[in-house]
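Chain by chain, the residues run as shown.
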Amino acid sequence: MSNDESIRTGFYVCHCGHNISDVVDCTAVARYASTLAGVMVSRDYKYMCSSPGQELIRQDILEHKLNRVVVASCSPLLHEHTFRNAVAAGGLNPFLFQMVNIREHDAWVHADRAAATAKAQALVSAAIRRVALHKPLQATRAPIHPDVLVVGGGIAGIHAALTLANAGKKVYLVERQPSIGGHMAQFDKTFPTLDCAACILTPKMSAVRSHKNIVLWTYSEVAKVDGYVGNYTVTVRRKARYVDENLCVGCQECIDACVFKVPKFPDPFNLGMSMQKPIYIPFPQAVPQAAVIDPDRCIQLKTGKCKKTCVEACADRKAINLNQKEQLLEIKVGSIITATGFKLFDAKRLPEYGYGRYPDVMTTIELERLVSSSGPTGGELRLRSGKPPTAVGFILCVGSRDMRTNRWCSRTCCMHSMKLAQIVRERTGAQVTVFYIDIRAPGKGYEEFYDRSLQQGVQFVRGRVAEVSDCALSPDEAGKLVIRVEDTLAGFVRRVPLDLVVLAVGMEPQADAQEMRRILNMSCSAEGWFLEKHPKMAPVSTFTDGVFIAGCCQGPKDIPDSIAQAGAAAAEALALIDAGGIDQEPNTAYIRGEECSGCKSCISLCPYAAISFDAEKQKAVINPALCKGCGTCVASCPSGSIGQNLFEDQEVFEEINGVLDYV
Amino acid sequence: MSDMNWQPRIVAFFCSWCTYTAADLAGVSRFRYAPNVRIIRLMCSGRIDPQFVLCALADGADGVLIGGCHPGDCHYAEGNFKTFRRYRMILRLLADMGVAGDRVRLEWISASEGERVKTVINEMVERIRALGPLDIPGRFAACDSEILESADAIRLPQCKETHDVVPEVVHG
Amino acid sequence: MRYHYFPGCSLKGLGRAYDESLRPVMERLGVELAEIDDWNCCGATAYMSTDHCNACALGARNIAIAESSGPGDIVAPCNACYLALNKTRNCLAGDSATRAAVQKALAVAKLTYTGTAAVRHPLEVLVYDVGINVIKRNVVRPLKDLKIAPYYGCQLVRPHCSFDDQWNPTAMDRILTALGARVVDFPLKTRCCGGSLTGTAPEAGLRLTHIILGEAQRRGADLIATICPLCQFNLDSYHDQIARRWGPARIPAVYITQLMGMAFGLPTEQLGLKRNFLPADKLLAAT
Numbered sequence: 001m002s003n004d005e006s007i008r009t010g011f012y013v014c015h016c017g018h019n020i021s022d023v024v025d026c027t028a029v030a031r032y033a034s035t036l037a038g039v040m041v042s043r044d045y046k047y048m049c050s051s052p053g054q055e056l057i058r059q060d061i062l063e064h065k066l067n068r069v070v071v072a073s074c075s076p077l078l079h080e081h082t083f084r085n086a087v088a089a090g091g092l093n094p095f096l097f098q099m100v101n102i103r104e105h106d107a108w109v110h111a112d113r114a115a116a117t118a119k120a121q122a123l124v125s126a127a128i129r130r131v132a133l134h135k136p137l138q139a140t141r142a143p144i145h146p147d148v149l150v151v152g153g154g155i156a157g158i159h160a161a162l163t164l165a166n167a168g169k170k171v172y173l174v175e176r177q178p179s180i181g182g183h184m185a186q187f188d189k190t191f192p193t194l195d196c197a198a199c200i201l202t203p204k205m206s207a208v209r210s211h212k213n214i215v216l217w218t219y220s221e222v223a224k225v226d227g228y229v230g231n232y233t234v235t236v237r238r239k240a241r242y243v244d245e246n247l248c249v250g251c252q253e254c255i256d257a258c259v260f261k262v263p264k265f266p267d268p269f270n271l272g273m274s275m276q277k278p279i280y281i282p283f284p285q286a287v288p289q290a291a292v293i294d295p296d297r298c299i300q301l302k303t304g305k306c307k308k309t310c311v312e313a314c315a316d317r318k319a320i321n322l323n324q325k326e327q328l329l330e331i332k333v334g335s336i337i338t339a340t341g342f343k344l345f346d347a348k349r350l351p352e353y354g355y356g357r358y359p360d361v362m363t364t365i366e367l368e369r370l371v372s373s374s375g376p377t378g379g380e381l382r383l384r385s386g387k388p389p390t391a392v393g394f395i396l397c398v399g400s401r402d403m404r405t406n407r408w409c410s411r412t413c414c415m416h417s418m419k420l421a422q423i424v425r426e427r428t429g430a431q432v433t434v435f436y437i438d439i440r441a442p443g444k445g446y447e448e449f450y451d452r453s454l455q456q457g458v459q460f461v462r463g464r465v466a467e468v469s470d471c472a473l474s475p476d477e478a479g480k481l482v483i484r485v486e487d488t489l490a491g492f493v494r495r496v497p498l499d500l501v502v503l504a505v506g507m508e509p510q511a512d513a514q515e516m517r518r519i520l521n522m523s524c525s526a527e528g529w530f531l532e533k534h535p536k537m538a539p540v541s542t543f544t545d546g547v548f549i550a551g552c553c554q555g556p557k558d559i560p561d562s563i564a565q566a567g568a569a570a571a572e573a574l575a576l577i578d579a580g581g582i583d584q585e586p587n588t589a590y591i592r593g594e595e596c597s598g599c600k601s602c603i604s605l606c607p608y609a610a611i612s613f614d615a616e617k618q619k620a621v622i623n624p625a626l627c628k629g630c631g632t633c634v635a636s637c638p639s640g641s642i643g644q645n646l647f648e649d650q651e652v653f654e655e656i657n658g659v660l661d662y663v
Numbered sequence: 001m002s003d004m005n006w007q008p009r010i011v012a013f014f015c016s017w018c019t020y021t022a023a024d025l026a027g028v029s030r031f032r033y034a035p036n037v038r039i040i041r042l043m044c045s046g047r048i049d050p051q052f053v054l055c056a057l058a059d060g061a062d063g064v065l066i067g068g069c070h071p072g073d074c075h076y077a078e079g080n081f082k083t084f085r086r087y088r089m090i091l092r093l094l095a096d097m098g099v100a101g102d103r104v105r106l107e108w109i110s111a112s113e114g115e116r117v118k119t120v121i122n123e124m125v126e127r128i129r130a131l132g133p134l135d136i137p138g139r140f141a142a143c144d145s146e147i148l149e150s151a152d153a154i155r156l157p158q159c160k161e162t163h164d165v166v167p168e169v170v171h172g
Numbered sequence: 001m002r003y004h005y006f007p008g009c010s011l012k013g014l015g016r017a018y019d020e021s022l023r024p025v026m027e028r029l030g031v032e033l034a035e036i037d038d039w040n041c042c043g044a045t046a047y048m049s050t051d052h053c054n055a056c057a058l059g060a061r062n063i064a065i066a067e068s069s070g071p072g073d074i075v076a077p078c079n080a081c082y083l084a085l086n087k088t089r090n091c092l093a094g095d096s097a098t099r100a101a102v103q104k105a106l107a108v109a110k111l112t113y114t115g116t117a118a119v120r121h122p123l124e125v126l127v128y129d130v131g132i133n134v135i136k137r138n139v140v141r142p143l144k145d146l147k148i149a150p151y152y153g154c155q156l157v158r159p160h161c162s163f164d165d166q167w168n169p170t171a172m173d174r175i176l177t178a179l180g181a182r183v184v185d186f187p188l189k190t191r192c193c194g195g196s197l198t199g200t201a202p203e204a205g206l207r208l209t210h211i212i213l214g215e216a217q218r219r220g221a222d223l224i225a226t227i228c229p230l231c232q233f234n235l236d237s238y239h240d241q242i243a244r245r246w247g248p249a250r251i252p253a254v255y256i257t258q259l260m261g262m263a264f265g266l267p268t269e270q271l272g273l274k275r276n277f278l279p280a281d282k283l284l285a286a287t
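Residue numbers (my numbering), protein chains in the order written: chain A, 1 to 663; chain B, 1 to 172; chain C, 1 to 287.
Any given hint could turn out to be false.
[Unchecked claim] So, partial list: chain A residues that the calculated Cβ filter (under 8 Å) puts toward chain C: (1) E352; (2) S469; (3) D470; (4) C471; (5) L473; (6) P475.
Please keep in mind that the hints were generated in silico from the structure rather than gathered at the bench. Virtual Cβ for every residue (Gly too), placed ideally from N, Cα, C.
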């Protein structure tokens with residue numbers, strides 16, 4: 001404990017409504033704190049983070065001439081900032097403050113009042129001992145590079161990029177596929193308005209292409225990210241497209257001229273329901289409207305022995321460049337918006353539904369392509385036999401809300417299936433039955449959409465489907481797909497013969513979400529969705545400053561929510577840029593020159609090359625601008641001559657002593 | 001301290017980015033766990049000086065729990081690898097001092113693994129409970145008084161500075 | 001390859017043909033089956049639901065004897081035994097109270113349960129230990145004109161199947177293909193055969209048996225291949241009753257080991273084929 005007589009600490013314990021006080025005896029904690037050395041004021045209060053709570057601190061600092069403040073409330077990751085500001089408002093240096101986490105780490109995880117109170121007291125004792133050693137510190141302000149990187153060119157990425165670009169910021173939009181548009185480009189119509197997806201998406205896609213503030217890199221991936229908020233260096237891998245996007249006008253003559261007379265390779269955009277050539281444009285509205293060559297299928301690129309009719313057809317435009325190589329480009333940005341989206345659940349993982357075994361069992365996205373006028377059948381819904389369907393069933397929650405696969409609700413499948421159900425009824429007049437667990441229609445106009453489905457004669461059967469098979473037990477089942485399901489409202493098992501079964505497959509994190517997470521230094525939830533900083537208060541921020549998330553990479557959501565989140569992420573990035581700079585936690589390490597023996601053991605430990613060696617003085621030197629404050633060098637210095645602001649050895653020792661105070 | 005009322009005392013050092021956040025998540029998720037662990041936040045598990053661990057034990061902790069990001073996930077690129085190396089060294093030191101290595105545990109817990117915080121803390125508390133009290137301060141005191149007594153007996157000047165640790169008897 | 005062999009009561013009774021065919025087939029494939037000395041009831045599914053602890057003790061005794069007589073896993077060909085013994089193992093691994101009680105009971109007989117020997121089904125051994133290629137190499141009379149519906153029954157895959165898919169197991173399909181037979185796509189692979197309901201509530205039980213037989217017939221199968229004595233019994237024994245209620249669905253059900261024996265060229269009389277109520281004429285004719 002410091003012997004400094006002048007330490008005057010103010011201590012505050014927060015009830016957090018009942019969140020803390022239900023388990024921790026806050027009055028006892030305040031009483032205990034008042035007995036500790038240096039404590040001049042000790043109070044408990046209902047809501048410390050409220051304005052009156054903060055005002056209490058400010059007033060006490062002035063009245064009682066406090067020079068240290070400790071607040072015991074929630075996690076410092078949530079409100080440390082709030083209270084530092086309150087301390088500063090009282091005229092104190094904001095770093096003469098320490099926070100104690102007695103909510104997340106105590107009241108919320110324990111039930112025994114006595115034990116929880118004792119734990120709170122020990123944690124408080126640690127903070128009060130520690131704060132006495134705190135020194136006034138100055139936060140450094142880092143400049144923010146005004147350019148922004150948006151990763152992913154689905155609807156979320158497109159919207160974020162346009163918002164930023166319209167605000168005058170330069171945006172790099174990086175998309176892995178040869179065209180932007182994402183999943184939305186595959187949709188025929190959108191719920192609940194049933195407006196044409198292409199009609200509302202295509203103008204935004206073209207706007208991206210023509211916007212002077214947007215650099216669009218399709219067929220590209222983020223390979224590496226270095227740096228920190230305001231100052232990221234990003235390496236982007238631009239895959240070889242073998243066609244110069246700027247020269248190609250999308251006339252498709254090369255495609256017509258390809259030595260493959262008929263398209264013979266499955267077209268991923270139509271999920272293999274139509275074919276494409278080795279040189280192709282992904283879909284009619286693709287942006288950029290430029291061909292791309294698949295190196296695994298192009299004869300020239302595979303064997304070097306092709307007549308290269310495509311090059312001939314392109315003639316003077318010379319857009320085709322079969323010698324194009326992958327490029328690595330380095331850019332500087334100040335913030336990054338991640339909008340990398342989702343992948344669909346693989347229905348083959350549930351063999352009882354027969355996907356992949358019965359040709360007329362398909363997924364919602366396949367049906368989407370089949371009813372789309374730009375799809376493989378021009379919008380005509382046919383069974384694989386060529387006949388129109390007369391009875392269609394939708395199975396909901398395939399790969400969602402299922403302990404065996406994914407526990408989460410994918411949020412869009414109910415509405416998506418009802419939309420398709422309405423389209424199928426409208427186009428074919430078929431009987432449509434939706435097999436559901438619960439219908440979740442919680443958005444604006446969504447419940448009304450459900451009503452409309454009912455009015456249009458869509459049948460709803462509540463029950464989880466047991467299996468889809470082609471085993472007929474009666475003549476009317478012969479030649480049909482039969483769904484076995486327990487109708488939980490009627491209370492018996494039904495067998496429903498159908499000729500088309502549609503599986504409403506759920507959403508999953510992208511296969512390489514973990515890799516992306518590492519590149520951007522983010523966190524993932526246990527399921528693999530990118531983790532927001534706070535589920536309510538910071539839904540588009542991440543734990544890495546300057547990296548924001550939008551759309552389905554954060555969790556399943558529909559188009560309106562994705563766009564709302566993309567707008568929010570863009571606004572967060574704008575706020576960061578227009579603030580002009582960001583205060584950095586002054587937790588940097590420093591060398592006490594007179595003690596340093598010049599052994600150099602710290603130098604190789606620093607991942608940021610912030611430590612150099614002053615050959616003249618034979619001492620190590622830390623560059624505070626490069627130091628990120630991990631403290632690894634501090635812990636390793638054999639002579640103990642490295643200190644770390646906010647985490648000094650003595651401060652930690654006091655904390656250890658304090659937490660072992662058992663009252 | 002009577003054995004009847006003895007409760008394990010455990011000091012935890014958690015990195016701010018992963019394990020401390022995971023402990024916050026455990027709170028938000030209302031996972032109940034034993035109240036015997038007191039968490040100290042550091043920016044990175046790489047900040048953990050072996051002295052912190054020894055100091056905690058010397059000040060009366062029965063066990064020390066270290067939490068960091070999973071290998072490859074460190075917010076500071078590689079701090080947790082340094083932690084791992086130091087942890088191996090700490091275990092060797094403890095062995096030399098006669099303290100059961102089980103008393104100091106290193107765990108990688110990511111920000112999303114709130115439930116794992118609960119499991120690890122509960123396991124740790126049970127493990128320490130099985131090992132029994134370490135009580136190094138008590139042993140220091142006993143050692144000091146023994147030395148004083150023998151010093152008296154042979155009429156030598158007092159020697160207060162000797163701090164040898166009596167090897168611990170590992171239970172079970 | 002040496003295994004402890006737990007035949008179970010069925011293979012000494014109604015399912016004798018399974019035991020008779022399994023032994024020479026395994027021998028041909030170089031698998032040694034050492035019958036567990038003084039084995040007793042597996043614990044049985046019915047007993048398990050009335051007295052869990054005692055049922056576990058019964059199963060554990062078999063496992064403990066096997067474990068004490070040398071290393072190796074246990075092969076349990078009857079699906080019910082396979083399930084009951086695996087349930088016992090899972091329970092003893094997770095439930096320390098039951099484990100203690102069971103150990104106490106076993107100690108009286110100077111036995112200890114260690115849980116080291118896994119309980120495995122012959123299908124798993126055939127596909128993963130022996131290997132499809134070895135099976136294929138032993139085929140001397142391919143079953144090439146036979147269309148066979150593979151029927152696994154419910155207990156092999158539920159609740160815990162460690163080696164095959166729960167909804168669409170394929171181990172038997174792969175063996176049948178290796179024997180040269182044509183495998184009928186059979187979606188009712190794991191549907192209930194009627195179980196003991198064929199005896200206790202025939203109205204319900206026989207209907208289920210009929211569904212299996214009828215579907216196999218509709219799909220043009222010549223034979224149903226089984227791996228469980230109760231399934232085989234149900235599918236083989238009630239043709240007349242089923243025919244009276246729902247119309248004829250006379251399709252023979254044989255054990256996969258009998259089919260393997262025929263394909264390996266083992267003498268027909270060694271394979272217990274004469275025990276079938278509905279003789280597998282086509283199979284006999286094909287060879």
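Quick rundown of the hints versus the structure:
1. E352: 4 Å, holds
2. S469: 4 Å, holds
3. D470: 7 Å, holds
4. C471: This hint holds: C471 of chain A lies near chain C, its Cβ roughly 5 Å from the closest one there, short of 8 Å.
5. L473: Nearest chain C Cβ about 7 Å off; hint holds.
6. P475: Violated. Min distance 12 Å.
Of the numbered hints stated above, the single one contradicted by the structure is hint 6.
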